[in-house]
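K.L.:
Sequence:
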Amino acid sequence: LEDDVDLEKLAGLTHGYAGADLQALTKEAAMHSLRRVIPDLDLEMDSIPAEVLNKLVVKRDDFFAALREMQPSSLR
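So that you can map any letter, position 37 of the sequence shown is 57 in the numbering used here, and since no number is skipped, the others follow by simple counting.
Bear in mind the hints are in silico, worked out from the structure with no lab data behind them.
For each residue, glycine too, the CB sits at the ideal point set by N, CA and C.
Treat the hints with care, as some may be off.
Here are the in silico distance ranges between beta carbons for each label pair [as the list claims (entries may be wrong)]:
hint: 1; residue 1: Ala31; residue 2: Met51; range: 15 to 23 Å
hint: 2; residue 1: Pro69; residue 2: Gly36; range: 15 to 23 Å
hint: 3; residue 1: Asn74; residue 2: Met51; range: 12 to 20 Å
hint: 4; residue 1: Glu64; residue 2: Lys29; range: 16 to 24 Å
hint: 5; residue 1: Arg80; residue 2: Pro59; range: 18 to 26 Å
hint: 6; residue 1: Gly39; residue 2: Asp62; range: 23 to 31 Å
hint: 7; residue 1: Asp60; residue 2: Glu89; range: 18 to 26 Å
Here are the simulated lysine-lysine pairs, PhoX-like style, with alpha carbons at most 20 Å apart [said to hold, decoys possible]:
hint: 8; residue 1: Lys47; residue 2: Lys29
hint: 9; residue 1: Lys29; residue 2: Lys79
hint: 10; residue 1: Lys75; residue 2: Lys47
hint: 11; residue 1: Lys29; residue 2: Lys75
Using the sequences and the hints, build the whole thing.
P.N.:
Below is the structure:
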C-alpha cells in the first residue's frame, strides 16, 4: 500500500459500502496496480525482477479508479 493512500478519506468515500463491497473495491484497486505493471513484465522470464515487483503497490489513484467503476450493493 503506497503512502499516498489515506484510509480515513477512503472510509469517508465508502460510507454505505458493505463488507463485500469493500472487499471488491480493494481487489479492483489491486487489479489496477497489476495492470499498470503488466507492460513491464517479460512473460518469457522465469522470475520477475525486483524492480518490477517493487512497482506492484496499490496507490491512491488505483482506489479512485476502482471507486469510479463500482457502486455499493445498497444502491444497485
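K.L.:
Give a verdict on every hint.
P.N.:
Going through the hints against the structure:
Taken as a hint, the range 15 to 23 Å holds for the pair Ala31 and Met51, whose Cβ atoms sit roughly 21 Å apart. For Pro69 and Gly36, the hinted distance range of 15 to 23 Å is not satisfied, since their beta carbons lie about 41 Å from each other. For Asn74 paired with Met51, a C-beta distance near 18 Å keeps the hint of 12 to 20 Å intact. Range check, Glu64 to Lys29: Cβ separation about 41 Å, and the 16 to 24 Å hint is violated.
In this structure the supplied range 18 to 26 Å holds for Arg80 paired with Pro59, their Cβ-Cβ distance being about 21 Å. A beta carbon spacing of about 38 Å between Gly39 and Asp62 contradicts the range 23 to 31 Å that was offered as a hint. Range check, Asp60 to Glu89: about 23 Å between beta-carbon atoms, so the 18 to 26 Å window is met. Taken as a hint, the Lys47 and Lys29 pair is honoured in the structure, with Cα atoms around 18 Å apart against an allowance of 20 Å.
The suggested pairing of Lys29 with Lys79 holds, with an alpha-carbon distance near 13 Å, which does not exceed 20 Å. Between Lys75 and Lys47, the direct Cα distance comes to roughly 17 Å. Compliance with the 20 Å bound is thereby established for this hinted pair. A C-alpha spacing of about 23 Å is found between Lys29 and Lys75, which places the hinted pair above 20 Å, so the restraint is violated.
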